[in-house]
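Trainee: So the chains spell out like this:
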Amino acid sequence: MKSDEYIYIENLLERFFEGETSNAEEQELYAFFARPDLPEHLRGYKPVFGYFETGIAGEVEEGRNPSKPVRKKPFLKRWLWMGMAVAASLLLFLFLNKGDGGKDDEFNPYAGSYIIRGGVKTEIPEEVARKLDRVIREIEKKQYEKERLALRSLRQYEKTMDNIQTKEDEVERFESDIERLERRYKDK
Amino acid sequence: MKTRNLILTAALLLAGSWAGDLLAQANLNALMKKCESMEKVSVDVIYDKDRKTKKPVKEVTTITFSKKDNPKLLDEFLNAFRKDKEAAYKVIESKIDGKVIPSFYRFAAGTSDISFSLDDLNKKYNGNEYLLRNGEIQVTKIERFDFKEESEWG
Numbered sequence: 000m001k002s003d004e005y006i007y008i009e010n011l012l013e014r015f016f017e018g019e020t021s022n023a024e025e026q027e028l029y030a031f032f033a034r035p036d037l038p039e040h041l042r043g044y045k046p047v048f049g050y051f052e053t054g055i056a057g058e059v060e061e062g063r064n065p066s067k068p069v070r071k072k073p074f075l076k077r078w079l080w081m082g083m084a085v086a087a088s089l090l091l092f093l094f095l096n097k098g099d100g101g102k103d104d105e106f107n108p109y110a111g112s113y114i115i116r117g118g119v120k121t122e123i124p125e126e127v128a129r130k131l132d133r134v135i136r137e138i139e140k141k142q143y144e145k146e147r148l149a150l151r152s153l154r155q156y157e158k159t160m161d162n163i164q165t166k167e168d169e170v171e172r173f174e175s176d177i178e179r180l181e182r183r184y185k186d187k
Numbered sequence: 000m001k002t003r004n005l006i007l008t009a010a011l012l013l014a015g016s017w018a019g020d021l022l023a024q025a026n027l028n029a030l031m032k033k034c035e036s037m038e039k040v041s042v043d044v045i046y047d048k049d050r051k052t053k054k055p056v057k058e059v060t061t062i063t064f065s066k067k068d069n070p071k072l073l074d075e076f077l078n079a080f081r082k083d084k085e086a087a088y089k090v091i092e093s094k095i096d097g098k099v100i101p102s103f104y105r106f107a108a109g110t111s112d113i114s115f116s117l118d119d120l121n122k123k124y125n126g127n128e129y130l131l132r133n134g135e136i137q138v139t140k141i142e143r144f145d146f147k148e149e150s151e152w153g
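Here the protein sequences come in this chain order: A and B. Using numbering that gives the first Met the number 0, you'd call the opening residue of the first sequence number 0 and step up by one each time. Using numbering that gives the first Met the number 0, you'd call the opening residue of the second sequence number 0 and step up by one each time.
These aren't lab readings, by the way, just hints derived from the structure by calculation. Take these hints with a grain of salt, some might be off.
[As the list claims (entries may be wrong)] Capping the alpha-carbon separation at 35 Å, the derived lysine-lysine pairs in DSBU-like fashion look like this:
1) Lys39(B) - Lys66(B)
2) Lys48(B) - Lys147(B)
3) Lys147(B) - Lys140(A)
4) Lys120(A) - Lys141(A)
5) Lys140(A) - Lys57(B)
6) Lys1(B) - Lys140(A)
7) Lys1(B) - Lys145(A)
8) Lys140(A) - Lys98(B)
9) Lys84(B) - Lys53(B)
10) Lys141(A) - Lys71(B)
11) Lys158(A) - Lys32(B)
12) Lys53(B) - Lys66(B)
13) Lys67(B) - Lys76(A)
14) Lys1(B) - Lys120(A)
15) Lys67(B) - Lys130(A)
16) Lys1(B) - Lys54(B)
17) Lys33(B) - Lys1(B)
18) Lys147(B) - Lys145(A)
19) Lys32(B) - Lys1(B)
20) Lys82(B) - Lys122(B)
21) Lys140(B) - Lys71(B)
22) Lys53(B) - Lys140(B)
23) Lys51(B) - Lys158(A)
24) Lys98(B) - Lys76(A)
25) Lys120(A) - Lys51(B)
26) Lys122(B) - Lys145(A)
27) Lys33(B) - Lys94(B)
28) Lys130(A) - Lys147(B)
29) Lys57(B) - Lys98(B)
30) Lys1(B) - Lys141(A)
31) Lys158(A) - Lys33(B)
32) Lys141(A) - Lys54(B)
33) Lys53(B) - Lys166(A)
34) Lys122(B) - Lys140(A)
[Stated by the list, open to error] Computed, partial: chain A to chain B, Cβ under 7 Å:
35) Gly43
36) Tyr109
37) Gly111
38) Ile114
39) Ile115
40) Pro124
Built from N, CA and C at the ideal position, the CB exists for glycine as well.
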């Protein structure tokens, strides 16, 4: 014999599927079908009320907290970040290269220079080589003067020879003028 | 066959001219090298490099000795100058006490220009013991790399 409770639940079920139950009556159905010990003839309805309870509950939660829409980054903001990254890289590059500029100060143009005294070779430091450089420039100047003086003599010689040639040409012209005048005088 | 012979001839000529450059101051170079191991001879070698390119611009070798300590060395240098004279493109000599002494020789060696000069420091620093402390005869070799002929008259 069915209990009164089971008859009541069966009536609620019929009205539930007709869409006539109130919220309170539906809650009664959920509570009934949540029991572990259900009668055999009503066990088939358990999954239905399990879906309705969780499924509807899930839909309600989504309604309360709608998922945030995926916002695309604005085009301009993306390019702004890229520009900043490029500028930062460039600054870092310049900063690192500035360090290399300092190495020019360490450059020794006289590296490897040495002196030999009594058959013993000694490398000389930059400051000593720098002083010797002044002596070297004097030596170079001396060599240059030798060349200049030698060539000056040569140029003077060439100039003298040119002058002699010019004088000789003038003498030739005078002689030919004199000859012409003599012939004219003789003809007269 | 003809082409091969032509190429071979050209190569030999090039090699010959290159070797010629090397041999140009062979006697002077050899003597200066010998001076490095001599006891009473002072040798100064100064390198000069371009600050921007870091490449060598010139190398100056100065050999100073006294006739008293090295009586034969001056004659050896005069001999070396005489032997290398043919290869020099510029020769300046002076006559001292009836003797012709090389004063300044200049050689071309590839892209380098090498000049040698011989000086009697007594004429300039007569009696100056400090400046003549290493000797009174000075031979200077200046090798200029990647030399470009410039007008020397300004």
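Trainee: All the hints need checking, so say for each whether the structure fits it.
Mentor: For each hint, the structure was consulted:
Between Lys39(B) and Lys66(B), the direct Cα distance comes to roughly 10 Å. Compliance with the 35 Å bound is thereby established for this hinted pair. A distance of roughly 16 Å separates the Cα atoms of Lys48(B) and Lys147(B); the hinted pair therefore holds under the 35 Å criterion. Note on Lys147(B) and Lys140(A): the hinted pairing holds, with a Cα-Cα distance of about 18 Å set against a maximum of 35 Å. Among the hinted pairs, Lys120(A) with Lys141(A) is consistent with the structure: their alpha-carbon atoms are about 27 Å apart, no more than 35 Å.
This hinted pair checks out: Lys140(A) and Lys57(B) have alpha carbons roughly 15 Å apart, not beyond 35 Å. For a cut-off of 35 Å, the pair hint linking Lys1(B) to Lys140(A) is broken: about 52 Å separates their Cα positions. For the given pair, Lys1(B) sits about 50 Å from Lys145(A) by alpha-carbon distance, which is inconsistent with the 35 Å threshold. Proximity of Lys140(A) to Lys98(B) is assessed by CA-CA distance (about 25 Å); at most 35 Å being required, the pair is judged to hold.
Restraint check for Lys84(B) and Lys53(B): the C-alpha separation of about 33 Å stays at or below 35 Å, so the hint holds. Using a Cα cut-off of 35 Å, the hinted pair Lys141(A) and Lys71(B) holds, with the two alpha carbons roughly 26 Å apart. Between Lys158(A) and Lys32(B), the direct Cα distance comes to roughly 42 Å. Violation of the 35 Å bound is thereby established for this hinted pair. About 39 Å separates the Cα atoms of Lys53(B) and Lys66(B), which puts this hinted pair outside 35 Å; it is violated.
Among the hinted pairs, Lys67(B) with Lys76(A) is inconsistent with the structure: their alpha-carbon atoms are about 88 Å apart, more than 35 Å. Taken as a hint, the Lys1(B) and Lys120(A) pair is broken in the structure, with Cα atoms around 54 Å apart against an allowance of 35 Å. Distance check on the hinted pair: Lys67(B) and Lys130(A) sit about 28 Å apart at the alpha-carbon level, within 35 Å; holds. Straight-line distance between C-alpha atoms of Lys1(B) and Lys54(B) comes to about 42 Å, which puts the hinted pair past the 35 Å bound.
About 46 Å separates the Cα atoms of Lys33(B) and Lys1(B), which puts this hinted pair outside 35 Å; it is violated. The hinted pair formed by Lys147(B) and Lys145(A) meets the criterion: a straight-line CA distance of about 20 Å does not exceed 35 Å. Between the alpha carbons of Lys32(B) and Lys1(B) the distance comes to roughly 44 Å, so the proposed pair goes past 35 Å and is violated. For the hint linking Lys82(B) to Lys122(B), the alpha-carbon distance of about 26 Å falls within 35 Å, and the restraint holds.
A distance of roughly 20 Å separates the Cα atoms of Lys140(B) and Lys71(B); the hinted pair therefore holds under the 35 Å criterion. For the given pair, Lys53(B) sits about 22 Å from Lys140(B) by alpha-carbon distance, which is consistent with the 35 Å threshold. Distance check on the hinted pair: Lys51(B) and Lys158(A) sit about 43 Å apart at the alpha-carbon level, beyond 35 Å; violated. For the hint linking Lys98(B) to Lys76(A), the alpha-carbon distance of about 90 Å lies beyond 35 Å, and the restraint is violated.
This hinted pair checks out: Lys120(A) and Lys51(B) have alpha carbons roughly 29 Å apart, not beyond 35 Å. This hinted pair checks out: Lys122(B) and Lys145(A) have alpha carbons roughly 15 Å apart, not beyond 35 Å. For the proposed pair Lys33(B) and Lys94(B), the alpha carbon gap of about 27 Å is at most 35 Å, so the pair holds. Distance check on the hinted pair: Lys130(A) and Lys147(B) sit about 27 Å apart at the alpha-carbon level, within 35 Å; holds.
Of the pairs offered as hints, the one joining Lys57(B) and Lys98(B) holds, with about 32 Å between alpha carbons and a cut-off of 35 Å not exceeded. With a CA separation close to 53 Å, the supplied pair Lys1(B) and Lys141(A) exceeds the 35 Å bound. For the proposed pair Lys158(A) and Lys33(B), the alpha carbon gap of about 44 Å is over 35 Å, so the pair is violated. Between Lys141(A) and Lys54(B) the alpha-carbon distance is near 25 Å, which keeps this suggested pair within the 35 Å criterion.
Our distance criterion of 35 Å between C-alpha atoms is broken by Lys53(B) and Lys166(A), whose separation comes to about 56 Å. Restraint check for Lys122(B) and Lys140(A): satisfied, since their Cα atoms lie roughly 17 Å apart, inside the 35 Å limit. At its closest, the beta carbon of Gly43(A) sits 95 Å from a beta carbon of chain B; the interface hint therefore is violated under the 7 Å criterion. Among the interface hints, the one on Tyr109(A) holds; its C-beta lies about 6 Å from the nearest C-beta in chain B, closer than the 7 Å criterion.
Interface restraint check: Gly111(A) against chain B, minimum CB-CB distance 5 Å, threshold 7 Å, status holds. The restraint placing Ile114(A) at the interface with chain B holds, with a minimum CB-CB distance near 5 Å, inside the 7 Å limit. Given hint, Ile115(A) at the interface with chain B, holds; its Cβ is 4 Å from that chain's nearest Cβ, closer than 7 Å. Nearest Cβ of chain B to the Cβ of Pro124(A): about 12 Å, over the 7 Å cut. The hint is violated.
Comparing the model with each earlier hint shows violations of hints 6, 7, 11, 12, 13, 14, 16, 17, 19, 23, 24, 30, 31, 33, 35 and 40; every other hint is respected.
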